[in-house]
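With my numbering as the guide, the letters of the sequence shown map in order to residues 354 to 540.
Don't take every hint at face value.
[Claimed, not checked] Straight-line Cα separation of at most 25 Å, SDA-like style, residue types lysine to any residue; simulated pairs: (1) LYS384 to GLY421; (2) LYS436 to GLU398; (3) LYS372 to LEU385; (4) LYS468 to PRO499; (5) LYS468 to LEU455; (6) LYS445 to LYS468; (7) LYS468 to VAL437; (8) LYS384 to ILE488; (9) LYS436 to ASP509; (10) LYS445 to ASP494; (11) LYS436 to THR407; (12) LYS384 to HIS489.
Since the hints were derived computationally from the structure, they do not count as laboratory data.
All figures in this text were calculated on a predicted structure; none of them were measured in a lab.
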Amino acid sequence: KLGKTRRRVHDETSDWPPKVQVDALVEHAGKLFIYASTACLYIAEGRNIANRLTEVVEFQTRDGQHLGLDELYTHILQTALDKVSKSADEEKWLCATLSSLLVAEGLPSVRTIAKLLGTEPQTILDSLASLHSVIHVPDFDQPDEPITIFHASFSDFLTSTNVRQALTKLESPVSKLIVDQPQQCHS
354 KLGKTRRRVH
364 DETSDWPPKV
374 QVDALVEHAG
384 KLFIYASTAC
394 LYIAEGRNIA
404 NRLTEVVEFQ
414 TRDGQHLGLD
424 ELYTHILQTA
434 LDKVSKSADE
444 EKWLCATLSS
454 LLVAEGLPSV
464 RTIAKLLGTE
474 PQTILDSLAS
484 LHSVIHVPDF
494 DQPDEPITIF
504 HASFSDFLTS
514 TNVRQALTKL
524 ESPVSKLIVD
534 QPQQCHS
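Using the sequences and the hints, build the whole thing.
Structure follows, in structure tokens:
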């Protein structure tokens with residue numbers, strides 16, 4: 354997957370991605386394919402994929418241990434929150450959209466989530482723009498296609514008590530809604 358991104362960063366003859374970084378990513382992933390897959394998608398969706406690869410490879414705890422899947426999810430969510438404008442409205446849509454995905458039966462479409470939340474499909478698409486590494490978001494011209502969470506572990510992450518601890522570190526209005534008053538995300 355990373356090799357396919359080479360054209361975005363370097364010419365075809367370059368030695369990218371560097372073997373040492375690929376080896377480190379494989380070591381981080383261990384036996385978890387979902388870790389490797391999510392990391393590669395996160396790297397590929399960035400503007401500077403070389404920096405993103407370095408960022409993911411350098412994920413470590415203070416004692417030098419590699420971070421796990423929950424920490425990768427926390428980082429992805431933090432990056433998404435950093436990208437939404439600091440308007441409470443945009444963060445509200447991100448919270449509402451994620452909450453709707455978690456409680457929806459079946460595979461809701463962009464249009465269905467938009468109707469449920471009383472907004473336009475583009476608002477839903479915009480709110481999920483930085484989460485393509487964990488959520489399949491259809492193209493803007495396909496509002497009837499389903500939005501799907503790639504792996505159940507992301508849903509588990511969002512609904513776990515551990516995520517509350519992680520979100521308290523984000524210091525974001527949407528994280529405060531989820532942590533302090535989770536019922537507001539579902540109203």
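Quiz item: Which numbered conditions among the earlier hints are violated in the structure presented, ordered from lowest to highest?
Solution: As far as the earlier hints go, not one is violated by this structure.
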